[in-house]
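Residue numbers (my numbering), protein chains in the order written: chain S, 24 to 382; chain Z, -8 to 421; chain E, 3 to 308.
Hints were generated in silico from the structure; no laboratory data involved.
Please note: incorrect hints may appear among the correct ones.
[Said to hold, decoys possible] BS3-like cross-link-like pairs, simulated, lysine-lysine; straight-line CA separation at most 27 angstroms:
hint, chain 1, residue 1, chain 2, residue 2
1, S, LYS66, E, LYS102
2, S, LYS296, S, LYS75
3, S, LYS296, S, LYS66
4, S, LYS185, S, LYS231
5, Z, LYS199, S, LYS231
6, E, LYS57, S, LYS75
7, Z, LYS8, Z, LYS22
8, S, LYS58, E, LYS102
9, S, LYS296, S, LYS58
10, Z, LYS199, Z, LYS189
11, S, LYS231, Z, LYS189
12, E, LYS102, Z, LYS22
13, Z, LYS199, Z, LYS16
14, S, LYS231, S, LYS66
15, S, LYS58, S, LYS75
16, Z, LYS136, Z, LYS53
17, S, LYS58, S, LYS304
18, Z, LYS11, Z, LYS22
[Unchecked claim] Computed far set for chain E versus chain S, every beta-carbon distance over 10 angstroms:
hint, residue
19, TRP16
20, LEU56
21, GLY117
22, ARG215
23, ASP254
24, ARG267
25, LEU288
26, THR291
27, ARG301
Just so you know, even glycine gets a beta-carbon here, dropped at the ideal spot from N, CA and C.
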Amino acid sequence: MKLRTALMATVFTSAAFAANAQEVTVMSWGGAYTKSQVEAYHKPFTAQTGIKVNSVDADNPAAPLKAQVEAGNVSIDVADVEFSDAIRLCDEGLLEEIDPSILTDAPDGTSAADDFIDGAINDCSVGNIVWTTLIAYDTNVFSDNAPSTMADFFDTETYPGKRGMRKSPKAMLEMALMGDGVPASEVYDLLETEEGIDQAFAKLDSIKDDIVWWEAGAQPPQLLADGEVAMTIVWNGRIFNAIASEGQPFALIWDGQIYDLDLFVVPKGAPNKDEAMEFIKFATSTGPLAEQASWIPYGPARVSSIARVGTFHNDDSIDMGEHMPTAPANLTNALQNDFEFWADMDSELSERFNAWLAN
Amino acid sequence: MSETSASDEILTTADGKPLKEALAKAQFFAKRRAFILVLPLLAFILLTFVMPIGQMLHRSVKNEGFTVHTDVTTGVRTPIMTELSIWFDQNPSGTVPDEAAYTALRNDIGALDELRSAGSAGTRINYLRAGSRSLFTKAARKWDKMEAPYQDAFYDLDDEWADATLWAAMRQASSSYTFDFYLAAMDYTRDGDGSVTKVNENRQVYIKLFVRTLFLSLLITFMTFILAYPIAHLLATLPLRHSNILMILVLLPFWTSLLVRTTSWMVLLQSQGVVNDAMVGVGILADESRLQMMYNQTGTVIAMTHILLPFMVLPLYSVMRPINPSYVRAARSLGATSWTAFRRIYFPQTVPGIGAGALLVFILAVGYYITPALVGGADGQLISNLIAFHMQKSLNWSLAAALASLLLGGILLLYWLYDRLVGIDNLKLG
Amino acid sequence: MALPKHADRLERVWHYTYLVICTLIFLFLIAPILVVIPLSFNAEPYFTFTEKMLKFDPTGFSARWYDLLLTFGMQAPEVPRDSSWWSDTWNNAHWIQATKNSIIVGFFSTILATGLGTVAALGLSRPEMPGRRVIMAILISPMIVPIIITATGLFFFYSSVGIQNWGIPYLGVVLAHATLGIPFVIITVTATLVGFDHSLTRAAASLGANPARTFFKVQMPLILPGVISGGLFAFVTSFDEVVVVLFVGGLDEQTIPRQMWNGIREQISPAILSVATILVIISILLLATVELLRRRSERLRGVSPA
């Protein structure tokens, strides 16, 4: 009986608690990335406003967000999504519009509209960070002959070992083309043609037996650490943290990196819409955006924050600026993700990708 | 009850009612009482299980993406593409779209823009004709700047608006009820004039996965049979004291969390895992030629065989236990070799158990999701993983529902077969 | 299955081969479950036996992963372990929250499944039950229909009725898990009712007991073992279920299997193995309980184990 009373008490108190407290639920990508947001946005936001932030994770927040809105069962207030998804969700009427006038100006007085980088302010989304997809490899495996280009990733003769790739056509097809010698500037023109898509799949096909697929962003550093793969496609923040915090023997290849914007959006019907807007206003102000860059090397989406990027939060010898996707040295052969291409072709290419996987 | 008067032709009860009637009445009450006991549960299952599945079947043939817009916050339903659907009604399939059609299209897209549903209407067309989505979102951004004649205005925007397959797709989507998702679930599509054709070979996936699911499930069923038969026989022939102890080895996996067992196999089968380490340690394998046993079909088959093995052992055991050993002994004494005695006498008696176990394992295997998702990699995925993909990632729910319905149809057929052959009330657990 | 004295050489060889084969199969069944137990005490974040572990060097072992289960998700895991540390654990640690959720969902779904299932089994086992076969087939179907289909159907159904707006936490998952547990209750309870001597209830009735009294004093004690093991099956079903929770559970409705699922896909640290070990121990306990109940039932009903 005691157990039952305790259980009932737990049920009712948690229900009552949810009803009363002011809170906001933020969905992000998990792992080191969520950690950086908790430290730079959530904690200071709660300290300043008293609004509790619930942090939840997903492989890609756009999918549960869309599912929730379409099912009329919305429990998240703010989600962190990729550019193409932000545009697509907005087109489908699944997002609340965000009034750009709520965004704070830079400390030097530059208006928000001028301070944010291109593409960061849209009808329903506000830019947060610039991140990138790139190659990481285990330096112990390739100690005498280190790979250095995208072509090397697809060359399992010279650089033997399993490869980790994301189980999604996005970025993988572009990388396949770049690995096949297509210059970054021509990738999307080629991908719009049937031949280009065939070429990308043919390139993927050449290493298919050696690929280990991952879905959540935290998996590839783990696959490298466990020795399941020798080289993997990975998000730069996650792998940086594995190297800087855990001292893993990994190295990055910036050649052929594909950078993209992550943005905050508010799903239509969000239970705490006002708090959500408060949160976005706070998180995208100059200070917090710069602060998050000290936890993970993702470039802030506003100019005034980029200027303030300093060193790694627990190691002053690491200058975070050098590890940003947008650092000039890292941009020699880089590609910006084409949001319009993916907003349009995602389902079509996913279908073909699934068919290819199953064969 | 036995009190009957000799003068009456029919038997009556003490209070004078005809016995037949009274018995029928008593029988009726007994029936009703039994039924009333079952009723709450039946209602519960109908509500929480049968109805949701019925609704899912409904969803597999219904998609309102191109016909009705539902506001997600207020729930208000607004018909969309109304003018175009009138044009479709007035003109038979195959009519080349005229200016009236383009005017209707322009007005409808304007309405879409105001409802902010150009994306979702476009997505519905995209299911039928890839790459159509952006046509709608672009048109929704520009519709108010268009000027008559609209046909040319649309061509200026994108010449794909002249494409016959696009118009065929819009015509199909303008009805809320459709079998298109079943076609898609079987790798078929409609072309420009509405006839059914196979999809391009590099997009065929579902039939392949259904076949693979079938094949792997059969393989797993066969493997469990091969492994279960000897130990079920041992358990059935040992004295109970001993067999009860050994039975724990079968029941413990049965009671252990599916995720725990899947995790264990991941630990064992990884390329840096226990099995590979042991083989390298003993010297069977060179360190650089570790076996890839996970993230492929091998992993799926090994883990699922282990997980489903108890479901084969238990029915076999319950059939083998009552088999009288003297039959085999009699055969031996009549000169049969032990192999003949097994083949002609023992094995035939165990066939009902094999049938029950095989059907049960097979039914469970075709619907497996968790284990292939975790250890299956790319080629160890089953059809359920694709259902989950469309449920959670691509969010093409109608297609997910159609795939699930096809799978369900197959399962129900097997279930009916199981009930016929074994009887569902003979199902025993440990 | 002793080897008869007259067995020839070939039969002897075969007999021992057969025993070896059986041993290997039993090993295949049980080894994967047991292997996680020592590995969960690994001092290193790997999944294989380190050299130190193989030499039984105590420094190769550690309970750090069990400790991680308590600290993971805490607000301030580093502070001294006083009462506020424990209350932080109790309120914030992810695995503790998952355990609470699992127990709440398991408890209520078991009550629902066992209650409805037992009553229905009483009706189903009456000889005069109409349409028995069809009804039985419907009631057992949640066990046969693949869970992915059930979850898909429930996702649509719950969103169409707006169950999350009713303000009852866990309702959707509890109802779903009760549905999944019901076949087990039906099967075990009807099994104890097979061979039930209906003259016992008639005797009770003729001695003046009303139906309720007959049920509680005569039938209940006899079917109780079946009810309890059915309930345990239902509880385990709920406790182990992840697909429905993934599809219809709210974001805050993290259960143990869901947390494991996330953990396995994100970072398979040995912490997962320590959870696995705890779950294996729980299943050993449950198995022992069910076995004891089965024996008790057989004794009560006078059915000697065949």
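Verification of the supplied hints:
Between LYS66(S) and LYS102(E), the direct Cα distance comes to roughly 26 angstroms. Compliance with the 27 angstroms bound is thereby established for this hinted pair. Between LYS296(S) and LYS75(S) the alpha-carbon distance is near 14 angstroms, which keeps this suggested pair within the 27 angstroms criterion. Restraint check for LYS296(S) and LYS66(S): satisfied, since their Cα atoms lie roughly 19 angstroms apart, inside the 27 angstroms limit. A C-alpha spacing of about 10 angstroms is found between LYS185(S) and LYS231(S), which places the hinted pair at or below 27 angstroms, so the restraint holds.
As the CA atoms of LYS199(Z) and LYS231(S) are separated by approximately 18 angstroms, the hinted pair is consistent with the 27 angstroms bound. Pair hint LYS57(E) plus LYS75(S) does not hold up; C-alpha atoms about 49 angstroms apart against a cutoff of 27 angstroms. With a C-alpha separation of about 20 angstroms, the suggested pairing of LYS8(Z) with LYS22(Z) holds against the 27 angstroms cut-off. A hinted pair counts as satisfied when its Cα atoms are at most 27 angstroms apart, and LYS58(S) with LYS102(E) qualifies at roughly 24 angstroms.
Restraint check for LYS296(S) and LYS58(S): satisfied, since their Cα atoms lie roughly 23 angstroms apart, inside the 27 angstroms limit. Taking the CA atoms of LYS199(Z) and LYS189(Z), the gap is near 13 angstroms; set against the 27 angstroms cutoff, the hint holds. Between the alpha carbons of LYS231(S) and LYS189(Z) the distance comes to roughly 26 angstroms, so the proposed pair stays at or under 27 angstroms and holds. Under the criterion of a C-alpha separation no larger than 27 angstroms, the hint pairing LYS102(E) with LYS22(Z) is inconsistent with the structure, at around 43 angstroms.
Between the alpha carbons of LYS199(Z) and LYS16(Z) the distance comes to roughly 58 angstroms, so the proposed pair goes past 27 angstroms and is violated. A C-alpha spacing of about 43 angstroms is found between LYS231(S) and LYS66(S), which places the hinted pair above 27 angstroms, so the restraint is violated. Simply put, LYS58(S) and LYS75(S) have alpha-carbon atoms about 16 angstroms apart, close enough for the 27 angstroms limit, and the pair holds. For the hint linking LYS136(Z) to LYS53(Z), the alpha-carbon distance of about 34 angstroms lies beyond 27 angstroms, and the restraint is violated.
A distance of roughly 19 angstroms separates the Cα atoms of LYS58(S) and LYS304(S); the hinted pair therefore holds under the 27 angstroms criterion. Proposed proximity of LYS11(Z) and LYS22(Z) is supported: the alpha carbons are some 16 angstroms apart, at most 27 angstroms. TRP16(E), annotated as away from the interface, keeps every beta carbon of chain S farther than 10 angstroms; the closest lies near 41 angstroms. With a least CB separation of 19 angstroms from chain S, LEU56(E) remains clear of the 10 angstroms interface cut-off, as annotated.
Every CB of chain S is more than 10 angstroms from the CB of GLY117(E) (nearest about 15 angstroms), matching its label as outside the interface. Non-interface call for ARG215(E) relative to chain S: holds, since the shortest CB-CB distance, roughly 25 angstroms, exceeds 10 angstroms. For ASP254(E), the requirement that its beta carbon stay farther than 10 angstroms from each beta carbon of chain S is not met, with the minimum near 7 angstroms. The claim that ARG267(E) is not at the interface with chain S is violated, since a C-beta of that chain comes within 10 angstroms of its own (minimum 5 angstroms).
Under the 10 angstroms C-beta cut-off, the non-interface status given to LEU288(E) relative to chain S holds; the minimum distance is some 17 angstroms. Residue-level check passed: THR291(E) sits 17 angstroms from the nearest beta carbon of chain S, beyond 10 angstroms. For ARG301(E), the requirement that its beta carbon stay farther than 10 angstroms from each beta carbon of chain S is met, with the minimum near 29 angstroms.
The structure fails hints 6, 12, 13, 14, 16, 23, 24 (numbered hints given earlier, in ascending order).
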